[in-house]
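K.L.:
Given the coordinates of chain L, work out where chain S should sit on it, guided by the hints.
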Amino acid sequence: MSATLIAQVAIGGLLMGLVYAVVAAGLTLIFGLMDVVNFAHGALLMVAMYATLLIHRATGLDPLVQLPLVALLLFGAGVVIYRGLIARTLSVRVNAGMVQIFVTFGLSIFLVGAAEFLFGSDFQSINASFLGGRSLAFGAIILPWPLVASGIVALLVFLGLFLLSRTEFGHALEATREDHEAVALIGIDRDRVFGIGWGIGTASVGIAGVMLANFYYIAPDVGTNFALIAYVTVALGGFGSIFGALIAGLIIGLVEALTALFIDPALKQIGIFLIYLAVLMIRPRGLFGHL
Amino acid sequence: MTGVRRRQLLAGAAAIGVGTGFARRARAAEEIKIGAVFPLSGNAAAIGQDAKHALETMADIINGDHDIPMLLGKGGGLSGLAGARVRLLFADSQNNPQIARSAAERFITEDRVVAVIGSYTSATAVTISQICNRYQVPYISADNSSPSLNKQGLDWFFRPSPTDIDFTKAMFDGFAAFGEKTGEKVRSIAIIHENSVFGSDSAKLQASLADAAGIKVLANISYQANIPSLAVEAERLRAADADVLMPSSYTSDAILLVRAMHDVGYTPRAIMAQDAGFIDPAFIAAVGPLAEGVMSRSAFAIDAVKERPAIPAVNRLFRASGANKDLNDLTARELTALQVLADALDRAKSTNNLALREALRATDIQGDQTIMPWAGVKFDATGQNMKGNPVILQQQKGEWRAVFPFEIATAPPIWHIAR
Numbered sequence: 001m002s003a004t005l006i007a008q009v010a011i012g013g014l015l016m017g018l019v020y021a022v023v024a025a026g027l028t029l030i031f032g033l034m035d036v037v038n039f040a041h042g043a044l045l046m047v048a049m050y051a052t053l054l055i056h057r058a059t060g061l062d063p064l065v066q067l068p069l070v071a072l073l074l075f076g077a078g079v080v081i082y083r084g085l086i087a088r089t090l091s092v093r094v095n096a097g098m099v100q101i102f103v104t105f106g107l108s109i110f111l112v113g114a115a116e117f118l119f120g121s122d123f124q125s126i127n128a129s130f131l132g133g134r135s136l137a138f139g140a141i142i143l144p145w146p147l148v149a150s151g152i153v154a155l156l157v158f159l160g161l162f163l164l165s166r167t168e169f170g171h172a173l174e175a176t177r178e179d180h181e182a183v184a185l186i187g188i189d190r191d192r193v194f195g196i197g198w199g200i201g202t203a204s205v206g207i208a209g210v211m212l213a214n215f216y217y218i219a220p221d222v223g224t225n226f227a228l229i230a231y232v233t234v235a236l237g238g239f240g241s242i243f244g245a246l247i248a249g250l251i252i253g254l255v256e257a258l259t260a261l262f263i264d265p266a267l268k269q270i271g272i273f274l275i276y277l278a279v280l281m282i283r284p285r286g287l288f289g290h291l
Numbered sequence: 001m002t003g004v005r006r007r008q009l010l011a012g013a014a015a016i017g018v019g020t021g022f023a024r025r026a027r028a029a030e031e032i033k034i035g036a037v038f039p040l041s042g043n044a045a046a047i048g049q050d051a052k053h054a055l056e057t058m059a060d061i062i063n064g065d066h067d068i069p070m071l072l073g074k075g076g077g078l079s080g081l082a083g084a085r086v087r088l089l090f091a092d093s094q095n096n097p098q099i100a101r102s103a104a105e106r107f108i109t110e111d112r113v114v115a116v117i118g119s120y121t122s123a124t125a126v127t128i129s130q131i132c133n134r135y136q137v138p139y140i141s142a143d144n145s146s147p148s149l150n151k152q153g154l155d156w157f158f159r160p161s162p163t164d165i166d167f168t169k170a171m172f173d174g175f176a177a178f179g180e181k182t183g184e185k186v187r188s189i190a191i192i193h194e195n196s197v198f199g200s201d202s203a204k205l206q207a208s209l210a211d212a213a214g215i216k217v218l219a220n221i222s223y224q225a226n227i228p229s230l231a232v233e234a235e236r237l238r239a240a241d242a243d244v245l246m247p248s249s250y251t252s253d254a255i256l257l258v259r260a261m262h263d264v265g266y267t268p269r270a271i272m273a274q275d276a277g278f279i280d281p282a283f284i285a286a287v288g289p290l291a292e293g294v295m296s297r298s299a300f301a302i303d304a305v306k307e308r309p310a311i312p313a314v315n316r317l318f319r320a321s322g323a324n325k326d327l328n329d330l331t332a333r334e335l336t337a338l339q340v341l342a343d344a345l346d347r348a349k350s351t352n353n354l355a356l357r358e359a360l361r362a363t364d365i366q367g368d369q370t371i372m373p374w375a376g377v378k379f380d381a382t383g384q385n386m387k388g389n390p391v392i393l394q395q396q397k398g399e400w401r402a403v404f405p406f407e408i409a410t411a412p413p414i415w416h417i418a419r
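Those protein sequences? They're chains L and S, same order as listed. For what it's worth, the numbering used here labels the leading residue of the first sequence as 1, then goes sequentially. For what it's worth, the numbering used here labels the leading residue of the second sequence as 1, then goes sequentially.
Don't take every hint at face value.
Pulled from the structure, derived: some chain S residues nowhere near chain L, Cβ distances all over 12 Å [unchecked claim]:
# : residue
1 : Asp50
2 : Thr109
3 : Ser229
4 : Ala234
5 : Asp326
6 : Lys378
One side of the interface only, derived from the structure: several residues of chain L facing chain S at Cβ under 7 Å [to be verified]:
#  : residue
7  : Asp122
8  : Asp189
9  : Tyr217
10 : Ala257
11 : Pro265
Quick caveat, the hints were computed from the structure, so don't treat them as lab data. Since the structure is predicted, the reported quantities are computational estimates derived from the model, not experimental observations. Where is the CB? At the ideal position from N, CA and C, for every residue including glycine.
Just chain L, with the same shape it has in the complex (with noise of 0.2 Å):
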């Protein structure tokens, strides 16, 4: 096994472990900020998809210009969301863990359904896009560009969200993270915090959902194949850790094409569960939680 296959499949890895790390990080920001668990975060994403192939059939716009436009759709649906839904479920008070849960659920189910009956269950994808196609070569090393270019705009949102920390709105998010019950005598209103926290976890996964339309296949069901890594990778980054969820991502993108290329292409998700497995034993809260 020549070491270009090596290094061109692990930096692949990496790339992909970007892409399951942003959307990893909507999951994980709104996760931290009120302990919800979204399960309707897979059908988000397919909803940003969606979105994108009907943007690019209707007007003709590559996804990459029409990125600031779904994220900006997905931001509005993130805060109705919060508005028309989670919002009611934080006033429960018996078993609200339950009804926060089977409220997304619900929504996921909802949403999915809706996409089969507008759209039917074909297959569907972008194939004139800017970046479909096109390869970067270094040397012997390919490596597709939407791909590349999702890695560089994973990066990106990293950079926004931690700058997005260091604003006043940024603390004002930890503060309510904190104690939402104390930040209201200060003059911050929760459900406007929280609501804008919902809109930033889904705006994050519409902009995974816009680079993941540049060469990925659309379908109502396609956000279970990424649900399902989110979470891990949320789990293994430590709950509500935007930081956690970045590294966990790489981790399990590397761990994934490593298994892959060195063992058995069938068993890669077990290389995932296995890693995830060990740091539960040793570091039950994630690699870095707060707990």
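P.N.:
Just chain S now, kept in the frame of chain L:
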């Protein structure tokens, strides 16, 4: 007066009684319920929805008054059952073997269907066929191709279409014939397959047939279906660089694989697919020009209209049923499965399960009475059709053309595997 009245009354009551009795019998004969279990949602939903259109098209051909040159293509209803019509009930397996089993069981115990048709993936066919066997209801395997299915020792299993053994043999026969014709012989293959029943069985067969033909297997890669990336698999295939790539994948993975190979700059010299995802119109639409030259085994050749004159009319009805696409290998097999079942019901002249099984066992349909390129339909002791010979199709300028066997081929193969 009163006597007459009473008599009239009695006669009237009797008439009503007879009337209702007759009506009930007529209604029972009017509608014959058949259960169809397919993945109507989930990762194979597109296939399941197409299957629904295919079965509905055949039901319409049987029930309605058409003039199509094939078995049951003329007149309405089943004449053997006093013009009875077939009624399809659909259940969603979600492509999950457990859900498929309970759906089939509900059909049998609650809806009292006379037979069950299914089910796309072989993994779901295992559970459905076993539950049907337990309740002694025929299972018509429309589009499951795993060879192990008719070797479960079931008495109620019937499969009109060829199995992966027949299909895979046809591929290697094709290799030999293409090699003879062009002088470019296959020396090596690379196998890639998803790791459930369908892919594993298919790969095992391909490896053993390659071995028998003296062809080297340079890679044999198994992967889990519906994973986010097949990039590493594509790398390994590029490294193997075999004469022919032989994939067994469902649609989503077929799209990913072909794109991933393109991304790493690998163009296989020839692709010979085990049907499934590669024959799905969604695959062709998604990968566009990358599908050019892809070959697949098939049980159906849409361009064989000279030998099978019913194809254009049936295809028109299928398109109009809401499918909005041409018949393909899967939908043609699903449609034909219902035709075979309906023919047995017609000959059984009864919906009794034992009579129906006897009729199925006695099935003997000539190939030209169907839309399939087969010699015919006649079941062996395991319920497998002995006369279902497959064809090899190739994507040429965006169309599927039959390229093998040469007798029914509609275009010469594009075959450039020499280094």
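K.L.:
Hint by hint, say whether it matches the structure.
P.N.:
The hints, checked one at a time:
1. Asp50: violated (9 Å)
2. Thr109: holds (27 Å)
3. Ser229: Nearest chain L Cβ is 5 Å from Ser229 (chain S), so the label is violated.
4. Ala234: Incorrect as stated: the minimum Cβ-Cβ distance to chain L is 10 Å, not above 12 Å.
5. Asp326: About 14 Å separates Asp326 (chain S) from the closest Cβ of chain L, which puts it past 12 Å; holds.
6. Lys378: holds (35 Å)
7. Asp122: holds (5 Å)
8. Asp189: This interface hint is violated because 38 Å lies over the 7 Å limit.
9. Tyr217: Since chain S brings a Cβ to about 5 Å from Tyr217 (chain L), closer than 7 Å, the hint holds.
10. Ala257: holds (5 Å)
11. Pro265: holds (4 Å)
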